[in-house]
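In the order they appear, the protein sequences are chains H and W. Just so you know, we're using this note's numbering here: the first sequence kicks off at 4 and counts up by one. Just so you know, we're using this note's numbering here: the second sequence kicks off at 3 and counts up by one.
If you are wondering where the hints come from, they were derived from the structure by calculation, not from laboratory data. Here a beta-carbon is modelled for each residue, glycine too, at the ideal position from N, C-alpha and C. There are no misleading hints in this set.
Distance ranges between label pairs, derived from CB positions: (1) W/V456 - H/L36: 26 to 32 Å; (2) H/F593 - W/V456: 43 to 49 Å; (3) H/Q613 - W/Y163: 27 to 33 Å; (4) W/K26 - H/T589: 49 to 55 Å; (5) W/N209 - H/S599: 27 to 33 Å; (6) H/D563 - W/K449: 45 to 51 Å.
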Amino acid sequence: MEYAIILLPLIGSIFGYLFKSFYKFFSEIFTSLLVIISAILSLVVFWNGIEKNIYGNYKIIEWISSGNFVANWSINIDPLSSVMLVVVTFVSALVHVYSIGYMSHDPHKPRFMSYLSLFTFSMLVLVVSDNFLQLFFGWEGVGLCSYLLIGFWYKKETANNAAIKAFIVNRIGDFGLAIGIFLIFFFFGTINFQEVFQAVPQFYEEKLLFFGFEANLITLICLFLFIGAMGKSAQFLLHTWLPDAMEGPTPVSALIHAATMVTAGVFLVVRCSPLFEYSQVALNLVSIVGMITAIFAASVALVQNDIKKIIAYSTCSQLGYMFFAAGIGAYHVAVFHLFTHAFFKALLFLGSGSVIHAFKDEQDIRNMGGVRKKLPFTYFLMLIGTLALTGFPFLSGFYSKDAIIEFAYLSNSLLGNCAVIIGIFTAFLTSIYSWRLFFKTFHGSYNNTKIDISETHESPLVMLIPLFFLAVGSIFAGFLFKEVFIGHHSNDFWRTSIFFINEIKHDYVPLWLLLITPVVVVISIPLSFYYYISNTKFIDNLKNKSLPLYKFLLNKWYIDELYDFLFVNSAKKIGSFFWKRGDVGTIDRFGPDGISKLIKIISNKAGRLQTGFIYDYAFVMLIGLSILLTYLILN
Amino acid sequence: MNFPILSTLIFLPLLSSFFIFLSKDKKNNFGPIYISLFSSIATFLLSLFLWYSLDINTADFQFVEEKSWINDFIKFKLGVDGISILFIVLTTFITPICIISCINSVKNRVKEFLIAILILETFMIGVFCSLDLIIFYLFFEAGLIPMFLIIGVWGGSRRVYSAFKFFLFTLLGSVLMLVAIIAIYWITGTTDVTEIYNIKIPQEYQNLLWLAFLSSFAVKMPMWPVHTWLPDAHVEAPTAGSVILAAILLKMAGYGFLRFSIPMFPFASEFFTPLIYSLSIIAIIYTSLVALMQDDMKKLIAYSSVAHMGYVTLGIFTFTKQGIEGSIFQMISHGLISAALFLCVGVVYDRLHSRLISTYGGLVNYLPKYSFLFLVFALAALGLPGTTGFLGEFLVLTGTFQKSYLAALLGTFGVVLGAAYMLWLSKRVIFGVTTNPEIKTLSDVNKSEIIMLVSLAFLIIFFGFYPVPLMETFGVSVNSLIDNYQLALNSR
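Produce the entire structure from the sequences given, and follow the hints as far as they go.
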């Protein structure tokens, strides 16, 4: 069964594409069916885990063995991976079904479905790995699929550039991950999770000299692993690829850039909790980066106009939440937020896809509005998604987000208190930008000049059914799984997957803290309705008054421009310099070309000596004779 | 076993080239092509048999043949171990592929071209089998001649310049090696490699001898800064020439380090390690940046080859299990990947007669199969896990990390650059909108091209997922290489 979960998507990917001409709808039905089976099996595995404690490690075949450097292809089912299995296969199955409708007019649909399945396979390989190398395989494999899917519409220049950007920024993250793995192998002599984690306490005090700095080994490992996590999870400084990645088709954004791949970084930190727990420095860094990302991305999301980019920044910000939860030691809460976030963010993305579909590929929210009656189902489903994202009481986001803030409070440290403040403030911003998006899309007046309102239409059933499932998840996932994931007995569930040195106590928090977030969230709904729909003058005034700030946010803090200037252009310049000045101008000029030129010159000169006149030769002989005589006489 | 299997392997291509010489040159040249294809496949099968019957649990040389050639001086001595067998199989595998590629790309003097390729194969197999320095030197240098002719006769517009540059560079280096070989004979009284292993050359001679060998290997590798012949040679060489050059000739130097430099001069190898690290790292970063800016596809791939060979030298001189195994793996992997990439360039060059990246763009609209294969090879070249390219680089860097943090860090950074130039190349060649109207008239890959490219793609992916057959083959030999090296150092 475990084998089937992993391999079915791969089979779907390969054969769905190979036999695409077999029957018109073959590839989409085939791939979707296999992923649905895989999802059902994952639910069984998850259930077996909760109820019967059935976990295990299944070795498929040896991958590589070079001295101690041994890695197997294996399937490791433990509580953490079983949760991830459910998230990945469930969202993937729904996205597959949704894509049947969304991509119905695209001639390259078989290729698209095949990529989606391939992505699912890579992601599953990543989460069930029992060693760092297989993790790395999945890690880059999802990066590849992300690259392929972002650049799916390969005729678009922007899509191609976004795809390359995503891959290369991720590669920078992978650079960190690879160094982390090298460090682990060098000191621990193994790359198997189990063996590494067991050996961690022995290396607790280990120091090493790293480029002149004396560093703690565990801290160093964690920092490098975290660079990898930052790249994949689009954390501040390595986040630039995620908004651009929205060039890909919307189902891709829902699956890869919201629910699954971008959470791989969080997964990595949680998976390596036995390492991170031994390094307070690394944990602090994780939470600081998480906080910065949360607030940075939320601030940028406030002013963006592209519906998908707003949601992308929102994803970025929510990932920040997960990281600072992990950073304060509440790994299980991070996973819980990952779990609920997958539902409502996928719902929002697919819902926005439905809106984009209705507007015939319009993505600017300034050109939307007033279509709530035309798209009743989409409207309703997006409403649920927005409520869940903002953390409206008793929807799934409420449970996980509040838990993060509570645990931050309970961790009882300076950083924890910062996290509380930033968490609440970001929740407020989240609420504002989410409702801005929602109201501007569905309420107010109809603002699109290109197509008439009567041409907008509700999406077909095949797209709405997956949305419905996700909406159910967005409503109930928090409430249902709260006890299992973060309740008082959650340790019974997580057991080996998550490791704590000092467990955060499940104390009771003051009532004001429990109330403050929901209150902020609820108040912001009428507030944003008023300012964005009823009385837009205030916002326009604000925009004009603080134009520099607005521009700063609109241009995403100018980070892209900075990177272009610093890295992209300078790499090209250096490359040109090495080529023209280095290879051609120096090595060749003084090397082969120089030598051959020199030989030519010398032989020319030598040739000129042979004049053919007797008196020339006689003169030379005379001089030679006189020199010889002088020499002999002097001696 | 008395049957001289290695000699048969070496001289089979030479023999069949004689038959090609005799064959009639008809219009379509099918006669010579069939003969050469048949013989090269036979050679390949024979080498597979050799691999199959090789005992991988011992590091000793096997199938040893020894004949006196010049009394008491040069012995014609051959033998293989777990390391060399893979290079032999690589050679015999790449050769038939080159011959198939000739069907589409070589239009004049096909017969002579095939003869040159087969003679080259003889020399290349000879290099990987020789256990005598003089014999090695002869095969090593003789390979220059057919390659020189392949570039000089069948090459592009600047072929004469490139051929001479190629010859000048490689010959200058190897003259020093010849001097060193004579010196070794003078010191030890033998040129038999296995005997020299046991004699132990005095420490004071090692450095100079090592440098003399380096001067030859560095050019062939090629290492920075003597790499500039490679881009020119590749650009002008016909497809099959580029394939052999990248896939096999570049591997002879790496093999030479493993077979000669390290076991014969362990002290010098240790002494010069920092030099090798610096040159390798410069090669990786420098040529990756240069590759980024190329506008000629073949030049770009040639520069990327230099960067990939940088990992090989880096790995060999870590003297760690992972480093050396990674290097060998990287060489095999690069042999497959670079061959495939040059074939890919050849496919479109045959159709449009341009190597410039700007000529292409949007190929995927009209050549979907080709574009798919191209992308697979580009991804393998940038070291995507699941392809052989990843395992080689990753093992090398794992090994390097144990010796030098800085080298490993910079080397790993080179992987980022690798992704940049390879993806940018793919974007400009196969994706985007088709701007050149000629592309619309192109036909997708034909049957013979599919056979070549798919078989390479299959091996690249298969060994990427399951490299065990390769790793097992050279595992014991590498162990003994490292053990002997350590033993020699400890005896100081």
